[in-house]
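**Q** Put chains B, C and D on the given structure of chain A with help from the hints.
Chains as they are written, first to last, in the UniProt record's numbering: chain A, 1 to 342; chain B, 1 to 342; chain C, 1 to 342; chain D, 1 to 342.
Do not rely on the hints blindly, as some may be mistaken.
A few chain C residues that face chain B, going by a derived Cβ cut-off under 10 Å, partial list only [stated by the list, open to error]: (1) 14; (2) 219; (3) 325.
Straight-line distance between alpha carbons at most 27 Å, and here's what the computed DSSO-like set of lysine-lysine pairs gives [what the hints assert, rightly or not]: (4) 3(D) / 294(D); (5) 161(C) / 141(B); (6) 141(C) / 161(B); (7) 41(D) / 294(B); (8) 41(C) / 3(A); (9) 41(D) / 3(B); (10) 131(D) / 141(D); (11) 3(C) / 41(A); (12) 294(C) / 3(C).
From the derived model, a few chain A residues whose C-beta atoms are all more than 12 Å from chain D [as the list claims (entries may be wrong)]: (13) 15; (14) 34; (15) 41; (16) 60; (17) 73; (18) 97; (19) 169; (20) 273; (21) 291; (22) 304; (23) 324; (24) 337.
Keep in mind the hints are simulated off the structure, nothing from the lab.
Since the structure is predicted, the reported quantities are computational estimates derived from the model, not experimental observations.
Think of the CB as a built atom: it goes at the ideal place given N, C-alpha and C, for glycine as much as any other residue.
So you can see what is in the structure, the chains are spelled out below.
Protein chains: 4
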Amino acid sequence: MLKIALLGAGRIGQVHARSIAVHPDSHLAAVADVVADAARKLAAAYGAEARSVDDILADPAIDAVLIATSTDTHADLMERATIAGKAVLCEKPVDLSLERAQACQASVNRTGRTVMIGFNRRFDPNFAALKSALDAGEIGKAELLTITSFDPAPPPLSYIKVSGGLYRDMMIHDFDTACWLMGGAPTRIFATGASLVDPQIGAAGDVDTAVATLFWEDGRIAVIKNSRRAGYGYDQRIELLGSGGLLSAQNVLENTVERISEAGTHAAKPVYFFLERYQRAYEAEWSAFVDAVKAGSRAPVTLADGVLALACAEAAGHSANSGEAAAITPDLSSMFKISPWN
Amino acid sequence: MLKIALLGAGRIGQVHARSIAVHPDSHLAAVADVVADAARKLAAAYGAEARSVDDILADPAIDAVLIATSTDTHADLMERATIAGKAVLCEKPVDLSLERAQACQASVNRTGRTVMIGFNRRFDPNFAALKSALDAGEIGKAELLTITSFDPAPPPLSYIKVSGGLYRDMMIHDFDTACWLMGGAPTRIFATGASLVDPQIGAAGDVDTAVATLFWEDGRIAVIKNSRRAGYGYDQRIELLGSGGLLSAQNVLENTVERISEAGTHAAKPVYFFLERYQRAYEAEWSAFVDAVKAGSRAPVTLADGVLALACAEAAGHSANSGEAAAITPDLSSMFKISPWN
Amino acid sequence: MLKIALLGAGRIGQVHARSIAVHPDSHLAAVADVVADAARKLAAAYGAEARSVDDILADPAIDAVLIATSTDTHADLMERATIAGKAVLCEKPVDLSLERAQACQASVNRTGRTVMIGFNRRFDPNFAALKSALDAGEIGKAELLTITSFDPAPPPLSYIKVSGGLYRDMMIHDFDTACWLMGGAPTRIFATGASLVDPQIGAAGDVDTAVATLFWEDGRIAVIKNSRRAGYGYDQRIELLGSGGLLSAQNVLENTVERISEAGTHAAKPVYFFLERYQRAYEAEWSAFVDAVKAGSRAPVTLADGVLALACAEAAGHSANSGEAAAITPDLSSMFKISPWN
Amino acid sequence: MLKIALLGAGRIGQVHARSIAVHPDSHLAAVADVVADAARKLAAAYGAEARSVDDILADPAIDAVLIATSTDTHADLMERATIAGKAVLCEKPVDLSLERAQACQASVNRTGRTVMIGFNRRFDPNFAALKSALDAGEIGKAELLTITSFDPAPPPLSYIKVSGGLYRDMMIHDFDTACWLMGGAPTRIFATGASLVDPQIGAAGDVDTAVATLFWEDGRIAVIKNSRRAGYGYDQRIELLGSGGLLSAQNVLENTVERISEAGTHAAKPVYFFLERYQRAYEAEWSAFVDAVKAGSRAPVTLADGVLALACAEAAGHSANSGEAAAITPDLSSMFKISPWN
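Next up, chain A with everything else stripped away, as it sits in the complex (with noise of 0.2 Å):
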């Protein structure tokens, strides 16, 4: 059984504390949030402890934390717990600066320990479903790969603000799905956006709607579009035309009702919420984790996972700043540069 500490005690941590404590394997003990009341509240609903981050670091008794707190304390975070020989669970993104994510990355590496990024949509029954028919050779060699990501609705604009932006912010997941299925680094990305959706965005400086094209070297491409308001749910889809056939992940429905009449057919919408949509995922997500601390083994998503992603949407935001395509070239030390492609 191992014994868990949840840094972070906001809505992602409170999903989070749910799929630690049905796990049979794991053990919510601890929980920390920079609002005690918060952290104080969520640890009583599990019979776990409010504590600190640095009494749940120096505990031998803790042996992993997941970190659920803002985006600018996970590398701190990340670095520190794995010092104190914890395996780590991060939300993802792993930083807003790809500097400091691969500095992150090689001061984790040294520590040997187990670090997973919370890229939940690897988990959903859908996706994994198509990525093992990928994997079986189902439609043979991956060429054309479509990524479908729009949100029901546009977060509080001060949530946009601190957010880093649509690529890092939310693109960020397709990324990582477009690097998962395809295999590897693209060496190009083109991007643009625009602010359709709500022009408090774009004079925030973001984006609400975005396509990126993303291209390997031997010739493979994805395409991803982003929306920051679908209206009717939370519509996640993925297609990929292969050189035996296409795969597709579709939508999950609110349910199987079909209604005929004289105005058409009538069905229902995806689910409206991700947490509706993705719970199975977290709860996968999680059971991998656990599977991989005790068996010591490589976590499935690992930091350089987190980093490659980061890699992407640095290489989007620069692209659609300039208009132009942009690269992304791995050094000697596999650490990723972005510079304008031509």
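**A** Relative to the frame of chain A, chains B, C and D by itself:
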């Protein structure tokens, strides 16, 4: 090139005229109708002659006749045409009386001519594909069949009154489909209906909503559901459970457009009109008839098939009237007797 | 917080134990089972006590009991528990004998306690959404209902032999669904079945494939189709034609992945196991029971509903045995009499 | 009744011949082809005359010509035919050179004749229904368009070599669709492609897999995805996110049959051949042309539309070659200039 005479220039006659005209191996040479003007007009549209039935049957240049006249003339015309040496494609039903239909069958058999009954649904590409899949063993042995057959709206009351009733007029298609898919005659039928759509239909002694259950000797079962009014279109589906899976043929929709909004997912409804749904079926039916005539082979839908469907309709009527199941028993000469079961 | 005792620690008891435990307003306090070890083990997993039934019923601290024991004990336990002042959620069926079930109903009614029968399908989110749409008038007046209910594979023969037969054991769910959707008791049932799946089931005097047609006084019709073996999964669908359109609830598939290749389009199959399909239904069922007990209101599925479903099953059995329709007639005290129709 | 001359008796000419012949208001009077035999054979099949182009253009009895010759003759023939007073329906593309196409446009405009370019997809019932829904405001303002357009298999290499390349030959349809749905010319295009399907296509200097992103002045975005080889059929889909929802037009499948078995759910694949998918579109296209000629009104797809699609193709080619975005700038006389963006 087969020279064809069309008997009957009404709505369904016009559909057939087009199929005859566009087929590369058949030529519409003559049209007859009790309404002389209708015959003239239809003949003119295809460069054919308006002629009397007597004249047509006496003309050795006419290879085949397509009978699309009123039901009460079908048996007589089939007998006369086959005696005159013509091949025949006759619209369903053979007759409203099982006795008369069986006498016609005996008479026609003596001529040895190719006679085909117009159960067009067998030639619908979807139903034909389902039959092919079944014959290919894709679901093993058939066990439980469901046929859904709803019209968009009831026909005029005047038609209802001379139609022979729902079982002989509407469900007869489904009886043929059931026997075609399950193979051979059922031994028992339980049917019941109600007038839920239009009380005037009930007042005219007919039903507008009905369910029949057919049983084969070896335990296999078919359920047929009919309604004179689906409202949303022409609802024509087949579903067949076999020992190795489930085959179904779904509706044909007006188009493939979907709209997802806060109100849900909206898609098109089934096509409304039977001519739109079954246009390709009518063309394929005609083509199959031409092939049989040219090859001198048995028609893909025989007069015996038409008699069997009528026997089912008669049994269903008996059952609905008595409230009890009716038995269908073939005698030594393959004629069917309908009697109470039990 | 309601204190709950669970009677029966078998497979379905374990499902309920989980629902009781995770509900914020109920606490699993005690477990009883004729197999003492089973009770102890399940109790331990939830921090409950293993106790005898006598002990539980005598304990005033127990607010409600959930009866998940073998069918032959249901009526006795409901009577004893309600006399002891407990609220009861009892698994279906009430009993295998309609007479005994009706006696139980009379006895329980005298206590005035909240008693709910576990027809879990009413709480399936898809079926519940269909019912809501019907109640909201989305298709006008219900006319023709079809329920498809196929198990993936037959239960062990030993279970079949004590099950009371397909109509009482399996189709009873569908009888309840039909009465729930159509409102009130049908007046006539015609049923028939065959042993197509496994001859041993036939040898044991039961059927494995069956169709029942239910008729209401006002002409409305319901068709129920059952098979003990669909092979591909748990096939649970409802389709309802109304005066203004068609409502349907389709199957729940394993995932949303599709693959298009030269071999056609491939998608997932329906979920295989009833616990996977109906997990959310069991949770919602329990929640509805807790709400009714807390409010002191009538349960959403009453003992009378359980008796009605059993009356339908008994009528279906009569019909299948006799080959003729059976009538369901309520007497002055709302007890049902089954007799030949006609 | 319009008298029509068909220039070009190849595959697409034969498709048009049929549409002309079956339309009640047009008559195929003459056929011309550089291969005299081909013209004679096609003319014979429809009771038309095989004549030379000169002869046809000089004949005042010919009301309109349909140009289905090789691309390099389109512009000349349009100019000559309009000067000769004929209405024209010309197959796409206008020309492989944007300069030549714009000169043709200027010349044709001076004649004032009705000229229509054969972008048949606008007349596909599914795409037309999507456009109607958009125009009816069903999803509010268009924001993000995705066009998927995959051929089942690449054309012969000999065709590829003279085709003008994927952007001018294949994607030009999608450029037209994008401009039709979004309204007006994009200001910027980023395109890239690869030879993933057949290295010989790459060796011939073309690509077989490509993605283009189009940007409009106001921030709206369109993504076009092309592959020369989907394998499973003709994959033609449109998806459009608007401020109020998502519209999509899905593929047309071979039939509506589904099979559910232990291996999953199997359905038909998209129709394979473009003539099968677009037969109704070709008929509707011709009908729209006849209507415009009879009314003396502007064609529903103008020569300006053809020029715009070609400008997009040229911009896409520039972008793919340079690796950078290309700008499309209209000059004072509405001629388009392609230049590097930035």
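**Q** Each hint should be assessed against the structure and marked as holding or not.
**A** Consistency of the hints with the structure:
Restraint check, residue 14(C) versus chain B: the minimum CB separation of about 31 Å is more than 10 Å; hint violated. At a threshold of 10 Å, the smallest CB-CB gap from residue 219(C) to chain B is about 3 Å, leaving the interface hint in force. Among the interface hints, the one on residue 325(C) holds; its C-beta lies about 6 Å from the nearest C-beta in chain B, closer than the 10 Å criterion. Between residue 3(D) and residue 294(D), the direct Cα distance comes to roughly 12 Å. Compliance with the 27 Å bound is thereby established for this hinted pair.
With a C-alpha separation of about 26 Å, the suggested pair residue 161(C) and residue 141(B) falls inside the 27 Å cut-off, and the hint holds. Proximity of residue 141(C) to residue 161(B) is assessed by CA-CA distance (about 26 Å); at most 27 Å being required, the pair is judged to hold. Between the alpha carbons of residue 41(D) and residue 294(B) the distance comes to roughly 26 Å, so the proposed pair stays at or under 27 Å and holds. For the suggested pair residue 41(C) and residue 3(A), the alpha carbons sit about 25 Å apart, so the restraint of at most 27 Å is met.
For the given pair, residue 41(D) sits about 24 Å from residue 3(B) by alpha-carbon distance, which is consistent with the 27 Å threshold. A distance of roughly 12 Å separates the Cα atoms of residue 131(D) and residue 141(D); the hinted pair therefore holds under the 27 Å criterion. Note on residue 3(C) and residue 41(A): the hinted pairing holds, with a Cα-Cα distance of about 25 Å set against a maximum of 27 Å. At most 27 Å may separate the alpha-carbon atoms for a hinted pair to count; residue 294(C) and residue 3(C) meet this at roughly 12 Å.
Listed as a non-interface residue, residue 15(A) keeps its Cβ farther than 12 Å from every Cβ of chain D; the least gap is roughly 27 Å. No beta-carbon of chain D is positioned within 12 Å of the beta-carbon of residue 34(A); the least distance is around 38 Å. Every CB of chain D lies more than 12 Å from the CB of residue 41(A), the least distance being 39 Å, so the non-interface label holds. The beta carbon of residue 60(A) is kept farther than 12 Å from every beta carbon of chain D, the shortest such distance being approximately 50 Å.
A cut-off of 12 Å between C-beta atoms confirms that residue 73(A) is not in contact with chain D; the least separation is 34 Å. A cut-off of 12 Å between C-beta atoms confirms that residue 97(A) is not in contact with chain D; the least separation is 27 Å. For residue 169(A), the non-interface assignment is confirmed: its Cβ lies about 18 Å from the closest Cβ of chain D, beyond the 12 Å cut-off. Non-interface call for residue 273(A) relative to chain D: holds, since the shortest CB-CB distance, roughly 18 Å, exceeds 12 Å.
Remark: the non-interface label on residue 291(A) is consistent with the geometry, its nearest Cβ contact in chain D lying 28 Å away (cut-off 12 Å). Non-interface status of residue 304(A) relative to chain D is upheld: no Cβ of that chain comes within 12 Å, the nearest being about 26 Å off. With a least beta-carbon separation of about 5 Å from chain D, residue 324(A) fails to lie farther than 12 Å from that chain, contradicting its non-interface assignment. Distance check for residue 337(A) against chain D: the nearest CB is about 18 Å away, which clears 12 Å, and the non-interface claim stands.
Against the hints set out earlier in the document, violations occur for numbers 1, 23.
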